[in-house]
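Colleague: Chains L and W are the protein sequences, given in the same order.
The letter at position 54 of the first sequence is residue 54 when you use our numbering, and the numbering goes up by one with no holes.
Whatever position you read off the second sequence (first residue = 1), add 71 for our numbering.
Accuracy of the hints is not assured; some may be wrong.
[Unchecked claim] Interface residues of chain W toward chain L, partial, derived using beta-carbon atoms under 8 Å: (1) Ala243; (2) Trp279; (3) Gln395; (4) Gly397; (5) Phe401; (6) Gly402; (7) Met432; (8) Gly437; (9) Arg440.
[What the hints assert, rightly or not] Heads up, simulated DMTMM-like pairs for lysine to aspartate or glutamate below, C-alpha to C-alpha not over 25 Å straight-line: (10) W:Lys434 - L:Asp31; (11) W:Lys434 - L:Glu25; (12) W:Lys434 - L:Glu68; (13) L:Lys12 - W:Glu391; (14) L:Lys12 - W:Asp254; (15) W:Lys434 - L:Glu5; (16) L:Lys12 - W:Asp443; (17) W:Lys302 - L:Glu21; (18) W:Lys302 - L:Asp9; (19) W:Lys434 - L:Asp9; (20) W:Lys434 - L:Asp14; (21) L:Lys12 - W:Glu286.
Bear in mind the hints are in silico, worked out from the structure with no lab data behind them.
We put the beta carbon where it would ideally sit given N, CA and C, even for glycine.
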Amino acid sequence: MPELELWIDRTKCDGHRLCAELFPERIRLDDWGYPIIAPGSIPAALMPHAQKAVDTCPVLALALRRVELRR
Amino acid sequence: MTNSSLLAGPAPNTGPESFADHSRRLGPRPWGSRGLIDTLDRAGLVGRGGASFPVATKWRSVAARGGPAVVIANGAEGEPLSRKDQTLMALRPHLVIDGAMLAAESVGANRVLLYVGEAHSAALNAMARALAERPPAEAGRATLLPAPPSYVAGEETAAVQFVNAGVAAPTAIPPRPFERGVDGRPTLVQNVESLAHVAAIARRGDDWFRSLGREGASGTVLLTVSGSVVKPGVIEVACGSTVDEVLRLAGGVRGTARAVLLGGYFGGWISARQAGTMVLDPKGMRAAGGSLGCGVVSVLDESSDPLDVSARIMQHLATESAAQCGPCFFGLRSLADATRRLAVQQPDPGDLPQLHRWAAMVKGRGACRHPDGAVAFLQSALSVFEPEFAAAAGARGRKVS
Chain L
1 MPELELWIDR TKCDGHRLCA ELFPERIRLD DWGYPIIAPG SIPAALMPHA
51 QKAVDTCPVL ALALRRVELR R
Chain W
72 MTNSSLLAGP APNTGPESFA DHSRRLGPRP WGSRGLIDTL DRAGLVGRGG
122 ASFPVATKWR SVAARGGPAV VIANGAEGEP LSRKDQTLMA LRPHLVIDGA
172 MLAAESVGAN RVLLYVGEAH SAALNAMARA LAERPPAEAG RATLLPAPPS
222 YVAGEETAAV QFVNAGVAAP TAIPPRPFER GVDGRPTLVQ NVESLAHVAA
272 IARRGDDWFR SLGREGASGT VLLTVSGSVV KPGVIEVACG STVDEVLRLA
322 GGVRGTARAV LLGGYFGGWI SARQAGTMVL DPKGMRAAGG SLGCGVVSVL
372 DESSDPLDVS ARIMQHLATE SAAQCGPCFF GLRSLADATR RLAVQQPDPG
422 DLPQLHRWAA MVKGRGACRH PDGAVAFLQS ALSVFEPEFA AAAGARGRKV
472 S
């Protein structure tokens, strides 16, 4: 299994805030209601929560990607 | 100290150099190749658009994708304090076009876009005329494309999206332009001054370019000197020159300098005391974790209000957010508003610590580096003008209710 991390397309994110509700272990909100994602790969135990957050984003701004693709 | 490569030749008041004069003065343009990329590597040329990224590295990454690629000569110059790109294009358009053609041949591109700020009419006219003077094989490959007058239009993913979709707003990376750019093709976006240096290096070699620099630096750099100096304007200096030397070339400081803004709105303030001996060298400053940015040197004198100037710049940067990414659009607005309240001595309670906190919160959270540049500028202001900010924060605040 490749290591996965959360990645967000900031140009798409509209601050719907669902991700922070579904995955508070790794996502909190800034003062304007936009997600701040803790760095690092997602451990297997948390993966279902991460996947739920990704699947629930209404504008498909959130994704799981392989860590080595980081810019 | 003063050193001419790009601006050598006819006097500025004679206008753009014609293709005939350019060719007579410098000789024919060599052909671009992988060998030229190696020469640029040895020359130590780094980009002059702001990021000071090594030119050879960038070209190799495009060439390695396999063509056909696209070259964008970036002359958008949306930085309000910068004039060097428009001045270069208005006086030496053929150096820029030479460089763009050399780039195209070296990375395997068959299409060249000359992306020139639409508000910079002298540059736009000179480039249009210059392109019409070129041999048909070159003119047929190149298109002049006026760039919208916004701050972010020159950001490289914004330039690509403007060509693709008519919207000069940055896109999320990856993919970077070298991976997937104009029409999905590998795309090289290179600042026009960088390309002009390429035109000179291709003719005279990397030894010559390195010999232009001082104190171990290589080449020359165009600077826009402004603010409280006797003779503001664009000058070309040897890399490795100090800020003091540059200010002398600009006729000296009017009044007493308080601070120098280096690199423009994406750069930072440096106290006058520390700025004087500072060595200006895009490559060396990048290696040291600093930046010469796009070559802006602007002097703030003791009679100006540093908080007011900083608040106006923050206001501009907030307004120039492409409004795509929440942390940038809302964060810069909050930062600009709090800076303004401090500048007019009417802070809300906690505005000063809030500036520090928000700055850290916004950094790194845009698709492009616009918020990062704005935050770096603000943090330099908070540091250099710390006494002024502290005094403003102690001023009687606005009533909360």
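Colleague: Indicate, hint by hint, whether the structure satisfies it.
Modeller: Here is how each hint holds up against the structure:
1. The interface hint given for Ala243 of chain W holds, since its Cβ lies 4 Å from the closest Cβ of chain L, which is under the 8 Å cut-off.
2. The interface hint given for Trp279 of chain W is violated, since its Cβ lies 36 Å from the closest Cβ of chain L, which is over the 8 Å cut-off.
3. Because the smallest distance between the Cβ of Gln395 of chain W and any Cβ of chain L comes to about 4 Å, under 8 Å, the interface hint for this residue holds.
4. Given hint, Gly397 of chain W at the interface with chain L, holds; its Cβ is 4 Å from that chain's nearest Cβ, closer than 8 Å.
5. This hint holds: Phe401 of chain W has a C-beta 4 Å from the nearest C-beta of chain L, less than the 8 Å allowed.
6. At about 6 Å, the closest approach between the beta carbon of Gly402 of chain W and any beta carbon in chain L falls short of 8 Å, and the interface hint on this residue holds.
7. At about 5 Å, the closest approach between the beta carbon of Met432 of chain W and any beta carbon in chain L falls short of 8 Å, and the interface hint on this residue holds.
8. Checking Gly437 of chain W against chain L: minimum C-beta separation of about 6 Å stays under 8 Å; hint holds.
9. The beta carbon of Arg440 of chain W comes no nearer than 11 Å to any beta carbon in chain L, farther than 8 Å, and the hint placing it at the interface is violated.
10. A C-alpha spacing of about 13 Å is found between Lys434 of chain W and Asp31 of chain L, which places the hinted pair at or below 25 Å, so the restraint holds.
11. Annotation: proposed proximity of Lys434 of chain W to Glu25 of chain L holds, straight-line Cα distance about 21 Å (limit 25 Å).
12. Simply put, Lys434 of chain W and Glu68 of chain L have alpha-carbon atoms about 22 Å apart, close enough for the 25 Å limit, and the pair holds.
13. Distance restraint check for Lys12 of chain L and Glu391 of chain W: the Cα-Cα separation of roughly 18 Å lies within the 25 Å cut-off, and the hinted pair is therefore satisfied.
14. Straight-line distance between C-alpha atoms of Lys12 of chain L and Asp254 of chain W comes to about 21 Å, which keeps the hinted pair within the 25 Å bound.
15. Pair hint Lys434 of chain W plus Glu5 of chain L holds up; C-alpha atoms about 19 Å apart against a cutoff of 25 Å.
16. Restraint check: the Cα-Cα separation between Lys12 of chain L and Asp443 of chain W comes to about 19 Å, which is no more than 25 Å; the hinted pair holds.
17. Distance check on the hinted pair: Lys302 of chain W and Glu21 of chain L sit about 58 Å apart at the alpha-carbon level, beyond 25 Å; violated.
18. With a C-alpha separation of about 45 Å, the suggested pair Lys302 of chain W and Asp9 of chain L falls outside the 25 Å cut-off, and the hint is violated.
19. Restraint check for Lys434 of chain W and Asp9 of chain L: the C-alpha separation of about 15 Å stays at or below 25 Å, so the hint holds.
20. As the CA atoms of Lys434 of chain W and Asp14 of chain L are separated by approximately 18 Å, the hinted pair is consistent with the 25 Å bound.
21. For the hint linking Lys12 of chain L to Glu286 of chain W, the alpha-carbon distance of about 47 Å lies beyond 25 Å, and the restraint is violated.
In terms of the numbered hints stated before, the structure departs from hints 2, 9, 17, 18, 21, listed from lowest to highest.
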